[in-house]
Amino acid sequence: DAGVIQSPRHEVTEMGQEVTLRCKPISGHNSLFWYRQTMMRGLELLIYFNNNVPIDDSGMPEDRFSAKMPNASFSTLKIQPSEPRDSAVYFCASSLGSGGVILNTGELFFGEGSRLTVL
Amino acid sequence: GNSVTQMEGPVTLSEEAFLTINCTYTATGYPSLFWYVQYPGEGLQLLLKATKADDKGSNKGFEATYRKETTSFHLEKGSVQVSDSAVYFCALYYGNNRLAFGKGNQVVVIP
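Top line first, the protein sequences correspond to chains A and B. Reminder that position 66 of the first sequence reads as 66 in our numbering, one-by-one numbering, no gaps. With positions in the second sequence counted from 1, the corresponding number in our numbering is that position plus 1000.
In isolation and in its complexed conformation, chain B is listed as follows (with noise of 0.2 Å):
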């Protein structure tokens, strides 16, 4: 089927580390996969998106890179500030307007 894990727990950083959170998908085809961005007490907003193999999509200093070979769309920024603390969900799209989403990683950046 078509499924998205993502790396267990929480993960907490101080101030301008170096962010990554690992996504791997399973599906049938080539799916475009998205990373989604649940501040607190909102509800989740596209963060980025990858359409093809070898695209890489970036907003505000995030970046993701379509692997085909490793199925993977890991999600990084160079240097996280607090107001990147949110949850993080990384999801794939598998036609008739369905997404599949990871079950999402907390992000706590600590100044």
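Isolated chain A (complex conformation) (with noise of 0.2 Å):
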């Protein structure tokens, strides 16, 4: 079975380029979550999306930072202009709700993970 699939894994650019990271959910599953994970802060929340309607984007760390989900199988989170300080690991994960309710499960499926890097 395919899992959460994330690309690019590693990208590499300068400041003040743009920069898109995709994932593809795992099918079926209904909310989706984007993650930054840092040493110096871990592993961060930035927004997930339910049935593809942004739900929290209260971790998005400031305007440069957008996400969209426009269908079920496709998202991007999307870095305009990038510094230095985006500097992460982006994870992308999935989970299985039932309808319009949220599956108290707690089960994330995440992908392998964007490595970025600004320089």
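Be aware that a few hints might be false.
Claimed, not checked - The list that follows gives simulated cross-link-like pairs (lysine-lysine, DSS-like), each with its CA atoms no further than 27 Å apart:
#, chain 1, residue 1, chain 2, residue 2
1, B, 1060, B, 1103
2, B, 1068, B, 1052
3, A, 78, B, 1060
4, B, 1103, B, 1077
5, B, 1103, A, 24
6, A, 68, A, 24
The hints are simulated quantities; they were obtained by calculation from the structure and are not laboratory data.
With the hints in hand, could you dock these two chains into one complex?
This is the structure:
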């Protein structure tokens, strides 16, 4: 079975450039999450979607960050303009709800992450 | 608020040694508790969970017991292998599909 698929796996860019990270959740999952992992802060939830609708974006650091989920099988996280402090591993995760009800399971399925380095 | 605290620093131990990683939590109500594991170069994956007080979660030789009286969920394994080298995260579920993760503990098992 295909898991959560993220691309690119690695991205090196220069400060000021636009970065787009992509995620394909597990088919049938209706909740999608973007996390950022750094040594200093650990794992931080940036935003999550339920049924393609953003539910909580309070973790998005600032206006330079934006996320979209145009359909159930695709999401993007964009950083524009990028800064060196955005360097991190960005994870996408998905989980299964049931209709409009979010199941109280807490089990998330993570992708392998996108390692971003901003020079 | 809802949060998880893990013991500071990496853990290095020899193969077949006993492993304990401490986790305590702060939460309103009685959240579900989890341990996730991250192997090198991979995303996190669920290791075990417990949904109510006194529950014991177990998987792959790892165990953790939900202790309401001490607000703890310590992870243990009786005899670690080199393949257990990974980062371990404690987490709690506090509703609306949200997990609060601890900072993680790097475990290095030496042959």
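How the hints compare with the structure:
1. 1060(B) to 1103(B): holds, 22 Å
2. 1068(B) to 1052(B): holds, 9 Å
3. 78(A) to 1060(B): Roughly 38 Å between the alpha carbons, so the hint for residue 78(A) and residue 1060(B) is violated.
4. 1103(B) to 1077(B): holds, 20 Å
5. 1103(B) to 24(A): holds, 26 Å
6. 68(A) to 24(A): holds, 12 Å
Hint compliance for this structure: hint 3 is the single one not met.
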